[in-house]
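Novice: First to last, the protein sequences are chains A and B. Using our numbering, the letters of the first sequence map in sequence onto residues 121 to 666. Using our numbering, the letters of the second sequence map in sequence onto residues 121 to 666.
Careful, some of the hints might be misleading.
Since the list gives no way to pick out one identical chain from another, each pair is judged satisfied if it fits inside one copy or across any two copies.
Said to hold, decoys possible - In silico EDC-like links for lysine to aspartate or glutamate, alpha-carbon gap of 20 Å or less:
| id | residue 1 | residue 2 |
| --- | --- | --- |
| 1 | K435 | E496 |
| 2 | K401 | D134 |
| 3 | K175 | D281 |
| 4 | K408 | E205 |
| 5 | K411 | E488 |
| 6 | K666 | D171 |
| 7 | K363 | D144 |
| 8 | K450 | E497 |
| 9 | K514 | E454 |
| 10 | K252 | E285 |
| 11 | K175 | E616 |
| 12 | K457 | D144 |
| 13 | K175 | D607 |
| 14 | K450 | E208 |
| 15 | K411 | E187 |
| 16 | K620 | E177 |
| 17 | K629 | D171 |
These are calculated hints, taken from the structure and not from any lab test.
Here is how the chains run, residue by residue.
Number of protein chains: 2
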Amino acid sequence: MKIAVCQINTVIGDLEGNKNKILDYYKKAINANADIAVFPELSVCGYPPLDLVEKNEFREAVTKINEELASESGDVGLLFGTITEDYEDNIGTGVYNSAMLCYNGKIQFVQPKTLIPNYDVFDEVRYFESAKEVHTHKFKNEMLGISVCEDIWNDADYWKDRLYEVDPIEILIKKEASLLINISASPYSYGRRTTRYNMLSVLTKNEKLPLAYVSCVGAQTDLIFDGGSMCFNEKGELVMLGKTYKEDFFIFDTGKSLSPLNKYEKRFEEEVLSALILGLKDYANKTKFTKAIVGLSGGIDSALVTYIAVQAFGKENVHVLLMPSEYSSKGSIEHSKKLINNLGISWHNVTIQPVFEKILEQLNPLFENLPPDVTEENIQARIRGIYLMSMSNKFNYLLCATGNKSEMAVGYATLYGDMCGALAVIGDVYKTQVYKLANYINRNNEIIPEEIIKKPPSAELRPGQTDQDSLPPYELLDKILWMYLEDSKEFNEITEEIGKPEVVLKVLKMVDRNEFKRKQAAPVLRVTNKAFGYGRRFPIVQGWRK
Amino acid sequence: MKIAVCQINTVIGDLEGNKNKILDYYKKAINANADIAVFPELSVCGYPPLDLVEKNEFREAVTKINEELASESGDVGLLFGTITEDYEDNIGTGVYNSAMLCYNGKIQFVQPKTLIPNYDVFDEVRYFESAKEVHTHKFKNEMLGISVCEDIWNDADYWKDRLYEVDPIEILIKKEASLLINISASPYSYGRRTTRYNMLSVLTKNEKLPLAYVSCVGAQTDLIFDGGSMCFNEKGELVMLGKTYKEDFFIFDTGKSLSPLNKYEKRFEEEVLSALILGLKDYANKTKFTKAIVGLSGGIDSALVTYIAVQAFGKENVHVLLMPSEYSSKGSIEHSKKLINNLGISWHNVTIQPVFEKILEQLNPLFENLPPDVTEENIQARIRGIYLMSMSNKFNYLLCATGNKSEMAVGYATLYGDMCGALAVIGDVYKTQVYKLANYINRNNEIIPEEIIKKPPSAELRPGQTDQDSLPPYELLDKILWMYLEDSKEFNEITEEIGKPEVVLKVLKMVDRNEFKRKQAAPVLRVTNKAFGYGRRFPIVQGWRK
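Just need the whole structure built from these sequences, with the hints factored in.
Specialist: See the structure below:
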């Protein structure tokens, strides 16, 4: 069977736009003599549609699009993900996340998703009921075994611990599927594509069935979908791989003998940079921003974010502000200018000093002669926030927040100051990883000035300040954070491995105590399995660790 | 049977503190000759514990507390909500939200929750599996039918549409329960207590069984638990009602004939004010803030929030800032001073004008002679944000954000400006309801100056500005917003009822478009069925309405 893999980028809720894109690709499939064109999970409405699903009018509009798509179908199969409804009883939502197969002008077959994920960034139980039955469908001499995303993630041979009792793929095989198709929307994190490969390879090898695993691509606010659709033959060999971080269209001919591929995930730096660039670009595209602004401090975080912005927007559309104060080192300005030069972007230098002094003058009578403390540091960061937001407001720049994951974790950032922005571009990248990315960017020639990479990190909010005055060395900090956040380890488990109970306790307390800041942070582009934001739900007010 | 209803206020994660409180109340129950002491859902860890549940060490610590509590139990039953684990298979989380009954030094009976809510603010499917079985338990001549919260919310006689297939209460009755006990953590919204009453009254009347419905009380960040535990006799009559918005302890003697109560929910203004005061107070208590600061604009929102802060902190612990600009009306200052006087609080007057001018001076070269627009308005709001946050940083004041729900809905607020704060105290109160609350506060004598209530609402960010320049009249706006947000109605349904398609479309677009602001808003104290924040998950980047 010739399967047209249609790896598309949809806009959540833009039903008309998504429909037109599906029809465009369907025509490509017809022209390529495909037997069936396959689109990702929830292609009609985009993934994840969240509370839009709860609106009657939204679901009615989706139903109308489903019918319009069906009416456009000919003898080439048109298989896409969409919302369906079925109110046979008065129990549950009656709403399903379904695969819908159309041909000859009609909806011919609907297979709702059986396994409804509800962990990390997935909230599907809120919206969708589980399929009541699982069926195969005969189409052009194949018995199609169609499933939706999570349905294929419960293989007893692969997973030691399973989330669900049922294995819908097992049912499809019992019902004599000759070919598996999974339509998917699986958000990227580093290592994820390797997991997908390993799991799907075991499955197809054991079951001796070919599989087309059709992914979506594109970013939806904080979630980045990497594409990389995977086709396996019945020996468990990966034989076709979709492009990553862009739309793609190709034919998987199950009748052809294809040579196996073994490169399916690139090195960390390449993957993560591509993911972040796509994340920022898609946020802008889908919200109609064409220009970005970054506050350039002279440090490595803002340098990296500026580089990413240039890749996403083009150098002519990125503007930076240098906003020195009396505590800024001379190097900060020089190194920033070197970066600006390397990237070829526009810039302004506007000091915060006179405004800082004016604010202190106004507040002086209120401060009761108390010595300077974090208050004065925050005021500086907040003036910079005002400058950047003013430029964003005046010229419609998208403001990129520059905080990294290590800082967001321990609250080493000023709320309403350097945390300002539409998107926390590197908010899921640890500080030690920021260095890795910078070095990778410089692999052929120096783009991020070495001085920026080499100097000790500092917020430059008081004389001679460095991050290490108040934080453990980043190598150690990131190790603790990784165990705590990524591996869900707790105090005893962490100290058992790395000792240093006082440091570990201090770090965990900082993380917990700063949940209030993260509540008010910009959405964080997700590139790990546990990003701050939607997928991590930690109580703000709590007393677990005293 | 003499049931000691122990309506306690717990701190999420403070296992030791919660255990000690449970033991204190258990002793009260022993002293009052109770047969059993009953505590709310998840009393050991507080509700909702969110991702804390995913930590092994956290669950181990809970298990240890469970055993310590059991070992303290004598012949008086000790029934409380807690987390239990059971890994009999390798499928699912193996973690349960359970009711645990201890006596004679041991855990005697555990009933996990069967119905796991996963809508609005509830996310329990992430953490908890459903009970595999439902049992009754014989204790002191009664057959106890014990259930946890949602378990009692699926009665086929009461609900036309049901969320779940199973009705655990029906099973308990089949298993000859002679007395029903439900341990609960049900967040307040106006009207909720009436719903609880109606539903539980129908149930107990139909089943001819008495019921002790034991609620928790206290606020957990954005969620407010109102207490008001309810005891019904076997005729469906409410015979005992716990205090609202505070802890309570009382004995429900099922052997006694008690006269029915018919007052279970007070008028809107009284309930909502009490809820908000508790919400603010508990946030402060549980995060160790003892003082609050509010920016007083001369408008009704900040006046109301200041009143609430005074109730929550005491007048000696509330400080306000007046922060006039050249656009502030003379009245703003006068009316604010009148309010300050009525409330007896401390204040400072600190103009933003010189700082505003200094910022414009710095940014002037960047603004390319463009005419003033929303940029300059936002700068003013953001300077006020800096002033308030500076006082919060310097003196450890809790900053109360003052935006109401109507404004938050349409984005009529400045991000990093008037949206600054730890908690959006009236962020779930519509503007028209703000007036109701203000008038109610003035019912006996004028506390909020009439001038503040009477004058046309204005942000005072440009000459002669009023809210109605850019928004529909609040009566109309709130009607549209209520249908959209509270009733999940969409464009066609709303215009069908109230006409005005252009206005409706404009409002809905404003709501959708400002999701990015609400992502970065402070937590909103929830007093309706659909508050902004945790329980409403709308995509930030989307194209549903063009």
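Novice: Out of the numbered hints, which ones does the structure contradict?
Specialist: Those not satisfied are hints 1, 4, 9, 12, 14 and 15.
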